[in-house]
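Let's have the full structure, built from the sequences with the hints guiding it.
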Amino acid sequence: MQFIHEYRDPDLGRKLVQRIHRKSRKPARLMEFCGGHTFAILKNGIRDLLPSNLELVSGPGCPVCVTAISDLDKAIFLSHLPQTITTTFGDMVRVPGSHGSLASARVEGADVRIVYSTMDALDIAQENPQSQVIFVGIGFETTAPTIAASIVEAQRREIDNYHVLPLGKLCPPVMGALLKMGETKIDGIIGPGHVSTIIGSRPYEFIPREYGVPFVISGFEPLDILLAVEMLVEQIEEEDPKVEIAYRRGVKPEGNARAQQLMEEVFEVSNANWRGIGEIPRSGLSIREKFSHFDALKAYDIEPGLSREPKGCICGEILRGIKNPQDCRLFRRACTPENPVGPCMVSSEGSCAAYYRYGGEDG
Amino acid sequence: MCLAIPAKVKSIEGHEGDVEVGGISRKASFMLTPEVMVGDYVLLHTGYAISIVDETEAKETLKLLEELAQQGAVYS
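Sequences listed follow chains A and B, in order. Heads up, our numbering is the position in the first sequence plus 439, with the first residue counted as 1. Heads up, our numbering is the position in the second sequence plus 48, with the first residue counted as 1.
Keep in mind that the hints are not guaranteed to be accurate.
Beyond 10 Å from chain B on every Cβ pair, some chain A residues (computed) [as the list claims (entries may be wrong)]:
{"hint": "1", "residue": "Leu451"}
{"hint": "2", "residue": "Ser509"}
{"hint": "3", "residue": "Gly539"}
{"hint": "4", "residue": "Ser543"}
{"hint": "5", "residue": "Asp734"}
{"hint": "6", "residue": "Asp740"}
{"hint": "7", "residue": "Leu745"}
{"hint": "8", "residue": "Arg771"}
Pulled a few chain A residues facing chain B out of the computed Cβ check, cut under 8 Å [stated by the list, open to error]:
{"hint": "9", "residue": "Met440"}
{"hint": "10", "residue": "Phe442"}
{"hint": "11", "residue": "Ala588"}
{"hint": "12", "residue": "Glu669"}
In short, the hints are calculated from the structure, not lab data. All figures in this text were calculated on a predicted structure; none of them were measured in a lab. C-beta: ideal position from N, C-alpha, C; glycine also.
Structure below.
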């Protein structure tokens with residue numbers, strides 16, 4: 440068993456689709472929160488397999504996409520400082536800021552390096568004691584423990600030229616914010632798989648309780664997603680909203696205690712600014728005072744100037760689930776993966792990039 | 049960015065070790081899964097094992113999928 444191919448069986452998939460068709464009666468809009476789910480749904484043609492009364496809409500689950508442009512501008516500002524190496528995950532490099540991107544900063548001479556892991560960033564710091572190394576710390580709960588681990592490890596290894604720009608964000612608060620805003624009708628949520636690996640299923644309990652919205656945590660293989668849809672349909676038809684896990688091999692109700700403990704040790708919950716949504720209370724992660732010597736916000740005077748959103752880009756509305764990529768007049772014309780205008784076209788989890796790649800003629 | 053893939057643990061030394069993904073060996077940190085053992089499958093996210101794949105649950109889910117598919121087929 441390798442935990443991948445078993446969940447891609449087309450025959451099982453077909454039968455599951457038949458079952459969903461038989462069972463689903465009520466019209467419902469299901470939000471797949473994760474960009475990873477959007478990709479898997481489009482790649483496997485799941486949208487077209489579902490009955491016409493079920494609509495799937497993408498959510499804000501793309502850390503690159505929801506990074507506020509003012510925060511990206513801070514990273515670009517830092518990258519231009521002398522004797523500085525800026526390290527980041529790949530997707531972030533090509534996202535346009537108000538004035539250029541990290542990629543264009545690199546062309547202008549900044550030392551910007553793509554890393555696979557926070558441990559790589561830490562190793563770069565150790566190998567370059569004459570430079571200051573900054574890690575652009577974007578990510579949800581999946582990634583936050585790995586950023587926390589790098590800070591704890593930096594402390595242990597006495598590395599004092601490593602700083603993190605803390606841009607971590609939390610998923611349950613943004614879900615609450617979207618449901619509270621009520622701009623888009625959501626009848627069920629396909630919950631994030633690997634965020635939940637860390638935090639478990641309990642932090643979502645308020646969603647069925649306060650908003651009456653069914654919530655099923657899903658894995659990323661096609662059968663995982665079909666199972667999650669089947670379970671959501673069951674809840675919707677029975678009018679019995681609750682939190683369920685369809686991805687039991689990867690998610691426990693209590694999550695990963697060690698990862699939560701590391702996050703708690705290094706970070707404290709703070710307000711955060713989300714692209715397209717605005718400030719959401721208690722939805723972000725700041726570095727605790729105890730580790731403030733690793734905090735890029737404390738170590739530097741960051742003055743990137745006024746930020747401005749790219750003209751005509753509707754990434755914000757797409758992240759809120761009120762518009763689709765094909766509603767954007769820039770889509771496929773002025774905005775392509777080669778020449779992206781907004782982050783939703785850059786990120787490997789961005790809706791625009793997913794529709795561009797797999798959306799077919801309409802996409 | 050929340051991508052995590054199943055990887056088989058090959059060796060462990062302290063908080064680090066080697067895992068295998070699709071026949072390719074990679075370094076991994078086990079800081080978030082200190083209880084890991086050689087032979088376990090882990091979910092690997094940006095070089096960190098973020099959980100140990102629960103084999104019993106994996107099989108249960110497959111069983112459930114097959115049951116649901118059977119019922120789906122019977123009535124269709």
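For each hint, the structure was consulted:
1. The Cβ of Leu451(A) does not lie farther than 10 Å from every Cβ of chain B; its closest approach is about 5 Å, which violates its non-interface assignment.
2. Chain B leaves Ser509(A) outside its interface by the beta-carbon criterion, the shortest separation being 20 Å against a cut-off of 10 Å.
3. The beta carbon of Gly539(A) sits about 22 Å from the closest Cβ of chain B, which is more than 10 Å, so the claim that it is off the interface holds.
4. Every Cβ of chain B is farther than 10 Å from the Cβ of Ser543(A); the closest lies at roughly 22 Å, confirming the non-interface assignment.
5. The claim that Asp734(A) lies off the interface holds: its Cβ sits roughly 20 Å from the closest Cβ of chain B, which is beyond the 10 Å cut-off.
6. A cut-off of 10 Å between C-beta atoms confirms that Asp740(A) is not in contact with chain B; the least separation is 29 Å.
7. For Leu745(A), the requirement that its beta carbon stay farther than 10 Å from each beta carbon of chain B is met, with the minimum near 28 Å.
8. Non-interface status of Arg771(A) relative to chain B is upheld: no Cβ of that chain comes within 10 Å, the nearest being about 24 Å off.
9. Of the supplied interface hints, the one on Met440(A) holds, with its beta-carbon coming within about 7 Å of a beta-carbon of chain B, less than 8 Å.
10. A distance limit of 8 Å between C-beta atoms decides the matter here; for Phe442(A) the minimum to chain B is near 4 Å, and the interface restraint holds.
11. Proximity of Ala588(A) to chain B holds as hinted, the smallest CB-CB distance being about 5 Å (cut-off 8 Å).
12. Here the hint on Glu669(A) is kept, as its CB sits about 6 Å from the closest CB of chain B, short of 8 Å.
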